[in-house]
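A.B. asks: The primary structure of each chain is shown beneath.
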Amino acid sequence: AQSVAQPEDQVNVAEGNPLTVKCTYSVSGNPYLFWYVQYPNRGLQFLLKYITGDNLVKGSYGFEAEFNKSQTSFHLKKPSALVSDSALYFCAVRDGSGGGADGLTFGKGTHLIIQP
Amino acid sequence: NAGVTQTPKFRILKIGQSMTLQCTQDMNHNYMYWYRQDPGMGLKLIYYSVGAGITDKGEVPNGYNVSRSTTEDFPLRLELAAPSQTSVYFCASSSGAIANYGYTFGSGTRLTVV
Chain A
990 AQSVAQPEDQ VNVAEGNPLT VKCTYSVSGN PYLFWYVQYP NRGLQFLLKY
1040 ITGDNLVKGS YGFEAEFNKS QTSFHLKKPS ALVSDSALYF CAVRDGSGGG
1090 ADGLTFGKGT HLIIQP
Chain B
12 NAGVTQTPKF RILKIGQSMT LQCTQDMNHN YMYWYRQDPG MGLKLIYYSV
62 GAGITDKGEV PNGYNVSRST TEDFPLRLEL AAPSQTSVYF CASSSGAIAN
112 YGYTFGSGTR LTVV
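One line per chain: the protein sequences are A and B, in this order.
When you read off a place in the first sequence, starting at 1, and then add 989, the result is the number in our numbering.
When you read off a place in the second sequence, starting at 1, and then add 11, the result is the number in our numbering.
Be a bit skeptical, because a hint or two may be false.
Calculated pairs, SDA-like style, for lysine to any residue (alpha carbon to alpha carbon, straight line, at most 20 Å) [unchecked claim]:
id	chain 1	residue 1	chain 2	residue 2
1	A	K1011	B	G51
2	A	K1097	B	S118
3	A	K1047	B	T115
4	B	K55	A	E997
5	B	K20	A	R1031
6	B	K55	A	A994
7	A	K1011	B	P50
8	A	K1097	B	E70
9	B	K55	A	S1069
10	A	K1038	B	T31
11	A	K1058	A	S1017
12	A	K1038	B	T115
13	A	K1097	B	G69
14	B	K55	A	A1003
15	A	K1011	B	M52
16	A	K1038	B	G107
17	B	K20	A	A994
18	A	K1097	B	V71
19	A	K1097	B	G107
20	A	K1097	B	D49
21	A	K1097	B	S95
Stretch-level coverage of chain B by chain A, calculated; a stretch enters the list once three of its residues show a Cβ under 8 Å from a Cβ in chain A [as the list claims (entries may be wrong)]:
id	segment
22	47 to 53
23	115 to 123
Everything labelled a hint here was simulated from the structure, so no lab data went into it.
What you are looking at is a predicted structure, and each value in this text was computed from that prediction instead of being measured.
We treat Cβ as the ideally placed atom computed from N, Cα and C, and that holds for glycine.
Input sequences plus hints: build the corresponding full structure.
C.D. replies: Here you go:
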């Protein structure tokens, strides 16, 4: 079985400071990892993914994430936060050894609040 | 290009009523999914489909049914609404089988059962 943990319900960061949203995962095979963002009353939007290759992946809106196999983590980062980054962020995982048809497993989400 | 379209956006149902949540995509994606989102619980997979005529249960299928008669449409049916089905429902689609293509999500249907 696959699972995702987002240990923080909420992260508060001052505008201009770096931000990190944490994610750890558990899969039996190789992980396919994703970050999505959800703005109020909207669907989820894709930010970035890790499938294979370089452990540091870059995505939309200046976000990046670092895959750490030994710590089974995939933390989302941004060097300088903007107020407009305030949203709900979801980490998701899929076991790459499976067929992939039965969907991603999502974490509970982390509210990111950027204070002016 | 509309992407994934869900209707209605909001709905209030009485206990025991039935309804169909509509989902349509215009990207010719074979894979489609229904999730429900509950506060603090993330997204849970209800049903998914790998192509027209093929559907399968996800993590929380009880109380729901789906059909996939065309590539474009993947409606979700609630037969006897219960308060536990109060949630936000998201439809998503993907072009690839191994999820490395990511999903395109609809904007959601907020359902309240009273």
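A.B. asks: So, against the hints stated earlier in the document, which numbers end up violated here?
C.D. replies: 9, 10, 14, 17 and 19
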